[in-house]
Amino acid sequence: MARYDDMVEGFTRRLAKTVSRRSVLRALGGFLVGAAAVPVLPVKRGHAAGGAPDDETSCDYWRYCAMDGFICACCGGTARACPPGTEAAPITWVGTCRNASDGRDYIVSYNDCCGKSSCGRCLCNRNEGDRPLYLPANANDYNWCVGSKSGAPYHCTISRIMGVATK
Amino acid sequence: MSLLRRFGPGLVALALGACAGHPAAEPPLSVARQDYYLHCLGCHGEDGAGLAGQVPDLRTDLARLASAPGGRAYVLRVPGVTQSNLAPDRVADVLNYTVREFGGAEVARRIAPFTAAEVAEARAAPLLEITTTRARVIAGSDAR
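As you go down the protein sequences, you meet chains A and B in turn.
Sequential numbering from 32 applies to the first sequence in this note's numbering.
Sequential numbering from -8 applies to the second sequence in this note's numbering.
Simulated from the structure, these hints should not be mistaken for laboratory data.
If you're wondering where the values come from, they're calculated on a predicted model, not measured in any experiment.
Beta carbons: idealized from backbone N, C-alpha and C, even for Gly.
There could be a bad hint or two in this list.
[Unchecked claim] Listed next, with one range per pair, are the computed distances between beta-carbon atoms:
#, chain 1, residue 1, chain 2, residue 2, range
1, B, Thr73, A, Ser149, 29 to 39 angstroms
2, A, Ser149, B, Gln74, 25 to 35 angstroms
3, B, Ser(-7), A, Thr197, 49 to 59 angstroms
4, A, Gly151, B, Glu17, 42 to 52 angstroms
5, B, Arg101, A, Val39, 55 to 65 angstroms
6, B, Asp38, A, Arg45, 18 to 28 angstroms
7, A, Val177, B, Ala130, 41 to 51 angstroms
8, A, Glu40, B, Arg(-3), 13 to 23 angstroms
9, B, Leu(-6), A, Asp91, 14 to 24 angstroms
[Unchecked claim] Residues of chain A clear of chain B, computed beta-carbon distances all greater than 10 angstroms:
#, residue
10, Met38
11, Asp85
12, Cys90
13, Asp99
14, Cys105
15, Glu118
16, Pro121
17, Trp124
18, Gly126
19, Asp133
20, Gly146
21, Gly194
22, Ala196
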């Protein structure tokens, strides 16, 4: 091991003596330009099988696996933020979704955004983990706006990632 | 030109690029925290605050009820606990997680950890009069 350490140290010292910082920056710049011109590696995007890649306005987006309502990203908000003029209901439905890009399951909280009439755009009806109403805590059909300060009008739904699920 | 001088800059640039690497993967949640998120957070909230007048605040109500006369048995029989599809040991773990997370270390020291046996026994005797039982436990707590 010590001999290996000596070899690496010697090589590194020779490298430092013969290579200037300017030449390293020139080479780095060349790599960056080259990589921008030609895709070096295939890019795997996270999306449900056959669905839109990382598109927050698509029902096939992986984090919308139990989205039963209007996508807030189509309604002036984002995947994780309510549109202006609405507030996220404190009562929420929580489930898990698999991200195909890393093969991990994530805990997802679906908060209804409340206070304005229904958005009417990008309606999804995905129900992974949903259960019928006789298991109320596991049913995603409820209007969870009942718990909000602004009252019952449901506008759209966001999906917040709470963490990585454990097996 | 020596090989080192010719290829050295590229070698260093590649090494720097390799060192940039990927951020460490986020670790998974603990089982108890995950069970809280999936079975309790929907109503009680990420911070345990609940909803004033509708959903108990775990930061204050849990410790108060669990340490009151008859309160431990009440906590073990609330609908969220008895209607959960988790196994008794997982229910006990998430109850203990809730006490520690929202009550703090001092509260956790005062309340004996819930056990799987207690959860199983409570499930055999579901609580139907929730509101009146809760009021009785709170009255008993206020009288101390």
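For this session: Take a look at whether the Cβ-Cβ distance between Glu40(A) and Arg(-3)(B) falls inside 13 to 23 angstroms.
Result: holds, 22 angstroms
Exercise. For Cys105(A), which was marked as not at the interface, is the minimum beta-carbon distance to chain B over 10 angstroms?
Worked result: Check passes; 24 angstroms lies beyond 10 angstroms.
Exercise. Does Asp99(A) sit more than 10 angstroms from chain B, CB to CB?
Worked result: For Asp99(A), whose nearest Cβ neighbour in chain B is about 14 angstroms away, the distance exceeds 10 angstroms, so it holds.
Exercise. Was Gly126(A) rightly flagged as not at the interface, with every chain B Cβ beyond 10 angstroms?
Worked result: Its Cβ does come within 10 angstroms of chain B, the nearest being 7 angstroms, so this is violated.
For this session: Examine each Cβ of chain B, and state whether all of them lie more than 10 angstroms from the Cβ of Glu118(A).
Result: For Glu118(A), whose nearest Cβ neighbour in chain B is about 13 angstroms away, the distance exceeds 10 angstroms, so it holds.
For this session: Starting from the range 42 to 52 angstroms, see whether the pair Gly151(A) and Glu17(B) falls in it by beta-carbon distance.
Result: The hinted range 42 to 52 angstroms is violated for Gly151(A) and Glu17(B), with Cβ atoms some 35 angstroms apart.
Problem set entry | Outcome of range test on Cβ distance (Arg101(B), Val39(A); 55 to 65 angstroms) | Taking Cβ atoms as reference, Arg101(B) and Val39(A) lie about 58 angstroms apart, which means the hint holds.
Problem set entry | Verdict on Gly146(A) as a residue remote from chain B, using beta-carbon distances over 10 angstroms | The assertion about Gly146(A) holds, with a minimum of 16 angstroms to chain B.
Problem set entry | Range hint 41 to 51 angstroms (beta carbons of Val177(A) and Ala130(B)) holds or violated | violated, 29 angstroms
Problem set entry | 10 angstroms Cβ clearance of Asp133(A) from chain B | Asp133(A) not clear of chain B: closest Cβ-Cβ about 8 angstroms, inside 10 angstroms.
Problem set entry | Cβ distance range 49 to 59 angstroms for Ser(-7)(B) and Thr197(A), holds or violated | holds, 54 angstroms
Problem set entry | Asp38(B) versus Arg45(A) beta-carbon gap, inside 18 to 28 angstroms or not | violated, 58 angstroms
Hint check: violations occur at hints 4, 6, 7, 9, 16, 17, 18, 19, 21 and 22; the rest are consistent with the structure.
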